[in-house]
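Trainee: One letter stands for each residue in the lines below.
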Amino acid sequence: MSNIDKPLYPQLTHEIITPSNRKGVTITVMATILIILLINFITFWYLKWYPGNSGYWLVEQKWNMLNALDEPVDWLILGDSSGNQGVVPEVLVGDTAVSAINLSTVASMTTVNDVWMLQTYIDSFGPPESVLIVHVHDIWSRNINHTYLAKVPMPLGSWETLTPPIKTNIAEEFHILLSRYAPIYTENTTVSKIIYESIFELEPLFEERFQLQPAGNMLFSKLSSEGLAKDVERHFYQVRKQDFKISTINQTALERLSMLAEKHQLDIYIVNSPLYDGMFRDEAFQQHYAAMQEQMHQFSSQSDYIHFLDITAVFPADDMQNVDHIAKSGAITYTEMIVDAIAHSQLEN
Amino acid sequence: MLFNSQLFFVFFSVVYLLYYLLYLFAPKNRKAQNSLLLIASYYFYGSWDWRFLVLIATSTIIDFFIGHALNHTPLDFTARRKQLLAASVTVNLSILGFFKYFNFFVESLTDLFTLFGMKVNPITLQIILPVGISFYTFQTMSYTIDIYRKRLQPAKTFLDFAVFVSFFPQLVAGPIERASNLIPQFEKPRRITAEQINTGLFLILWGFFKKTAVGDNAGLIADQIFNNYTNYEGIDLFIGILAFSIQIYGDFSGYSDIARGISRLMGFELMVNFRLPYFALNPTDFWQRWHISLSSWLRDYLYIPLGGNRKGIAKTYRNLFLTMLLGGLWHGAAWNFVIWGAFHGTILILYRRFEKKPAHQDPWGGEQPYLIVIAKMLLMFALTLVGWLIFRSESVAQIVYFITHLSFASSAVTADFGKQLLFFTTPFLVVQVYQYVTRDLLVLTKLPTVARVLIYGLMGSWVLIFGIRASLEFIYFQF
Chain A
86 MSNIDKPLYP QLTHEIITPS NRKGVTITVM ATILIILLIN FITFWYLKWY PGNSGYWLVE
146 QKWNMLNALD EPVDWLILGD SSGNQGVVPE VLVGDTAVSA INLSTVASMT TVNDVWMLQT
206 YIDSFGPPES VLIVHVHDIW SRNINHTYLA KVPMPLGSWE TLTPPIKTNI AEEFHILLSR
266 YAPIYTENTT VSKIIYESIF ELEPLFEERF QLQPAGNMLF SKLSSEGLAK DVERHFYQVR
326 KQDFKISTIN QTALERLSML AEKHQLDIYI VNSPLYDGMF RDEAFQQHYA AMQEQMHQFS
386 SQSDYIHFLD ITAVFPADDM QNVDHIAKSG AITYTEMIVD AIAHSQLEN
Chain B
285 MLFNSQLFFV FFSVVYLLYY LLYLFAPKNR KAQNSLLLIA SYYFYGSWDW RFLVLIATST
345 IIDFFIGHAL NHTPLDFTAR RKQLLAASVT VNLSILGFFK YFNFFVESLT DLFTLFGMKV
405 NPITLQIILP VGISFYTFQT MSYTIDIYRK RLQPAKTFLD FAVFVSFFPQ LVAGPIERAS
465 NLIPQFEKPR RITAEQINTG LFLILWGFFK KTAVGDNAGL IADQIFNNYT NYEGIDLFIG
525 ILAFSIQIYG DFSGYSDIAR GISRLMGFEL MVNFRLPYFA LNPTDFWQRW HISLSSWLRD
585 YLYIPLGGNR KGIAKTYRNL FLTMLLGGLW HGAAWNFVIW GAFHGTILIL YRRFEKKPAH
645 QDPWGGEQPY LIVIAKMLLM FALTLVGWLI FRSESVAQIV YFITHLSFAS SAVTADFGKQ
705 LLFFTTPFLV VQVYQYVTRD LLVLTKLPTV ARVLIYGLMG SWVLIFGIRA SLEFIYFQF
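Top to bottom, those sequences are chains A and B.
Sequential numbering of the first sequence, starting at 86, is according to the working numbering.
Sequential numbering of the second sequence, starting at 285, is according to the working numbering.
Derived from the structure by calculation, the hints contain no laboratory data.
These numbers come from a predicted model, not from an experiment.
Hints should not be assumed to be uniformly reliable.
Subject to a maximum C-alpha distance of 27 Å in a straight line, what follows is the list of computed DSS-like cross-link-like pairs (lysine-lysine) [stated by the list, open to error]:
{"#": "1", "chain 1": "A", "residue 1": "Lys-108", "chain 2": "B", "residue 2": "Lys-595"}
{"#": "2", "chain 1": "A", "residue 1": "Lys-315", "chain 2": "B", "residue 2": "Lys-703"}
{"#": "3", "chain 1": "B", "residue 1": "Lys-595", "chain 2": "B", "residue 2": "Lys-434"}
{"#": "4", "chain 1": "A", "residue 1": "Lys-108", "chain 2": "B", "residue 2": "Lys-703"}
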């Protein structure tokens, strides 16, 4: 023990260093890493069977659904989580013999995911009759999130060969690799929540947390008013922080979408997500929303096959899970509004 | 560049690889090793703001040359020696005073004039506080003072001194190293032993655990309550103070451990900065366990020069109080730190006046009933909490609110706060008790291999799963 480590008084706790050797240290380090890897493997296995993050799970599930499709459908519903829980395929097709599947994922995948899914579908079955794409107002400025990208069941890096391609640098590739195989690092919030809730709220560990309806959509119950208020604040902050803009990646994807629509003479309907009226009433939000509507109209005017449905589906708090995700109670109404808007659009054309 | 950032991980990996290659292939080339450390340290510090480098370089150049001038000035040239020392202290304190305290003093004086009905137009400046300035200023000041006292020989080369001032593991948040401990380590050939790697890796892991998994999680609770304190009362306020006490301890001692662990991997020994402070029995004991590098600095360069306990009871009390007052001010340019220092000065005096047993006897030696020892520990912890309330509060009104609204009343969120704090603190507390009982901070490194590896693996996984990733800054950076 050096002088500096010598305790001032006998009762003070100090550092006692005992002899070690490099072999022992190496074994300790390697074994520690092995234990961490083992815990990671157990977590990986657990989350595969009992996923805890609905967004990650949704991306993987919807792609699995698409890859498992064995017959074509008439309506392909794409978009983000607002469409996942807002569009009820059975309501969209009504009593007709038309079929529909809801493959909406999450906003963090951007419109690129819509294009990839549509292209994959076309490669397997040819173009569907129609495509409906539902997005929240704030998706347009976003860039793709690599953690979600890692959940797409494709070989790593294959997105560089898709159209539009996603190019990644070494750091991003490393992050994607970790996102796919190291959940204790990349899904730590989910894992910590599961552990914490299983201890203190006695939540069952081995129980399915999410369930898709047969046609692909999900039904959500209402959130607390406190959660809704926080969500409104978050959105207000975002719309006040920056003017509406479409990110480069979304712009590229929209152009590709337009090209596919023209090439296959495929009607693509784009619609905005349901909105909580408490947020919609805000003046700054309305400005942001109007700018979004204007740019989407501009985009749709470039092709006869792209239709931007100009509906503003505003709902009271009782029908909303959060500001742009509708609860079970309002999903049917929202889908009916879309059906009317599509019929109106078809009449106009 | 924070220790808990990916950037630091890349930075340290590159630096360590180069450093170890030099260690292996040029073991006697200290110049190359120290040059690498100096470049890395300046890059590390410059990553906050390149302009800060001018300050640290100025401080380094001045103190290096004054140190040598002092050493070459014969002892009987007292006036000349005093002038040199005064020059060093003045420059260092001026830099510190300007960057850290200028606005505080101007605003305080303005308030004082206003109190007496005089209207003044204060001049305040937009000054960026350079991170870690209080730490390296104290470090360089101790260098010249020790040379003046003939307790230290000046650094042999400018390179050795420059790397001592800027050594990146401890540059921005300590420990505040003494030149007598660190400079000789830069002046001799490196030796990286298995013991250093073994304990160094443990300190890094334990430091990250304390910082990210314990301190930062407790900080979320503390911030929620302190930042919205009027929304809370009763037990919630107590939980807020408790959470802050865990946050600041986990955060600061975690940083110190990581700094010491990183240094050990490179073959350097930094001083122990924390020795389980919440087990202290009285204020003297607390300051021998909390931020030891600062408290021992204040003792050696302030309390003792003021006369220490050699000039009667009244002057001892005055010296204690002044030392703690200035120690409080060292933490930041705000009145709450001054009040915090005054509070600790006061309890030091009260304990010295009324406590019968001296601090240095073994409390578990059987002379006192164990219940008394535990009661003393709890009382000291309660006083520490009062101190942290003052430290964390942003106004006197906030302190008063906390004190007047503490009660046994609970709210709808009390259980949630309590459970969270319990969850994140329990593993930490268990290890702390084990360290205290065995009186060994490195006791975990001595467990049987299987148990040790299992605990390390769980601790590493715990950091990955529960550690806060937002690279929340270490609290002591602001000091």
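Trainee: Now tell me, hint by hint, if it's right for this structure.
Mentor: Checked hints:
1. With a C-alpha separation of about 56 Å, the suggested pair Lys-108(A) and Lys-595(B) falls outside the 27 Å cut-off, and the hint is violated.
2. Between the alpha carbons of Lys-315(A) and Lys-703(B) the distance comes to roughly 23 Å, so the proposed pair stays at or under 27 Å and holds.
3. Our distance criterion of 27 Å between C-alpha atoms is met by Lys-595(B) and Lys-434(B), whose separation comes to about 24 Å.
4. A threshold of 27 Å between alpha carbons decides the hint, and for Lys-108(A) with Lys-703(B) the separation of about 42 Å lies outside it, so the pair is violated.
Violated hints for the displayed structure, listed by number in ascending order: 1, 4.
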